[in-house]
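**Q** Required output: the full structure, derived from the provided sequences and hints.
2 protein chains.
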Amino acid sequence: MKSENIPAPAIRRLSLYLRQLEAFRKADRRTVSSKQLGEALKLTDAQVRKDLAYFGQFGHPGIGYRVEDLINQVKKILGTDKPCNISIVGAGHLGQALTGYRGFSKKGFQLVAVFDNDPNKINTSESADAIPIQPMTELAETVDRLEIRLAILCVPAEAAQQVADEMIKAGIRGILNFAPVSLAVPDGFPVAGVDLAVQLEQLSFRLGGGTTAEAI
Amino acid sequence: MKSENIPAPAIRRLSLYLRQLEAFRKADRRTVSSKQLGEALKLTDAQVRKDLAYFGQFGHPGIGYRVEDLINQVKKILGTDKPCNISIVGAGHLGQALTGYRGFSKKGFQLVAVFDNDPNKINTSESADAIPIQPMTELAETVDRLEIRLAILCVPAEAAQQVADEMIKAGIRGILNFAPVSLAVPDGFPVAGVDLAVQLEQLSFRLGGGTTAEAI
DNA sequence: GAATGTGAACTTTTTCACAGCG
DNA sequence: CGCTGTGAAAAAGTTCACATTC
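Protein chains in written order, with my numbering: chain A, 2 to 217; chain B, 2 to 217.
The hints are simulated quantities; they were obtained by calculation from the structure and are not laboratory data. It is possible that some hints are incorrect.
Note that identical chains are pooled: a pair holds if it fits in a single copy or bridges any two copies.
Claimed, not checked - List time: in silico SDA-like cross-link candidates among lysine to any residue, alpha-carbon distance up to 25 Å:
id, residue 1, residue 2
1, Lys43, Val195
2, Lys36, Arg207
3, Lys27, Gln111
4, Lys107, Glu139
A quick note: this is a predicted structure, and the numbers were derived from the prediction, not measured.
**A** This is the structure:
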């Protein structure tokens with residue numbers, strides 16, 4: 002575990018290792034080798050070993066990695082061993098679909114609030130386990146009260162920057178941005194972007210539509 | 002434009018350039034320099050120039066890049082200058098939310114079919130501009146008839162691999178996978194993955210939750 | 001024997017810095 | 001001038017190959 006020279010790609014792969022390890026666990030595998038883990042993710046065994054070794058010595062020569070142990074270690078590294086409260090901002094089609102997604106809590110992310118600025122969508126019923134939709138005016142107070150760390154931004158592109166500004170001012174610590182814009186945020190502020198069109202374009206390119214654009 | 006040594010990261014950034022260029026165009030900018038484009042995306046000017054130069058000579062010394070022209074060139078490179086038919090497979094919360102998303106067509110992707118295997122969701126009304134939900138049994142025939150190239154996979158994790166197999170057999174040429182699993186696909190088959198939990202984990206890590214996992 | 005962790009070699013990607021053009 | 005395109009240098013990331021451990 003070299004102190005502070007961990008390649009960003011290695012950190013991205015860490016999440017994939019975790020996901021694959023959980024799949025192996027579900028299949029009742031107790032141990033897994035770097036070769037097997039790599040095969041499932043289309044990576045080399047050396048890559049897997051090096052990535053994991055950045056963070057510690059988790060393997061056992063001759064055996065491989067113990068699935069259960071490694072899951073716990075990787076979660077600790079990612080900081081998802083402890084639950085983290087999140088919110089959704091923007092209750093349009095996508096926001097509401099994500100609100101209904103039950104997969105967050107399994108991964109340690111607890112959805113505790115949803116915000117929108119449309120008065121017709123507000124619904125502060127504290128009933129059942131349905132999460133109420135609150136007005137944007139309550140953002141700062143709620144972020145503070147419920148200790149919300151991350152927010153998923155699901156507003157239209159036109160509103161995204163302004164809403165992001167509000168979120169940061171309200172004390173949100175990281176943004177998962179679904180709006181198709183590059184957000185301007187303070188230096189080092191954590192943002193991850195998911196842009197459907199960008200992903201489709203990457204596929205389009207690989208379709209061989211990748212004309213090398215006969216120049217001039 | 003070196004024939005075939007284009008870095009994958011450069012290709013990923015191409016989509017971001019396009020998105021940013023369209024934002025500049027909306028703001029009535031006619032030209033943009035590599036410095037300005039880079040600033041908006043937190044990249045260096047050299048990076049922007051080198052990326053674009055892989056594909057041709059699009060810039061004008063002393064001037065920069067003409068926004069409109071560069072948009073057209075980048076679209077051509079990505080293959081999105083011509084429309085591409087896409088479909089959504091899995092009409093759950095997320096699939097239906099994406100079905101309602103109007104942003105695809107602006108980017109050259111035409112959503113022409115939605116599939117699900119739940120008989121209660123099927124709805125073959127050829128009415129209005131609402132896209133009917135077809136049964137999975139019609140997949141191959143429809144892919145062929147409507148010349149569908151790409152599919153967005155929105156089924157639960159447990160079903161994802163099997164449905165992906167069906168899609169590939171039906172002639173789909175690339176998959177945008179929203180299921181939280183690594184799909185096994187033929188070598189070189191284009192897959193892009195969007196896993197919400199993975200993105201949240203990356204943010205979690207950057208929150209400083211990144212315990213360096215004090216080993217042993 | 002099987003499989004890790006790791007320094008060293010190699011490859012890829014980014015940055016630098018500058019000639020050359022409008 | 002201002003700004004591109006690009007070789008050359010530097011940095012980052014990946015793969016190799018092997019000593020080492022169980």
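**Q** For each hint, tell me whether it holds in the structure or not.
**A** Results of checking the hints against the structure:
| no. | hint | verdict |
| --- | --- | --- |
| 1 | Lys43 to Val195 | both (22 Å within a copy, 17 Å between copies) |
| 2 | Lys36 to Arg207 | neither (27 Å within a copy, 28 Å between copies) |
| 3 | Lys27 to Gln111 | within (22 Å within a copy, 38 Å between copies) |
| 4 | Lys107 to Glu139 | neither (27 Å within a copy, 34 Å between copies) |
The earlier numbered hints that this structure contradicts are 2, 4.
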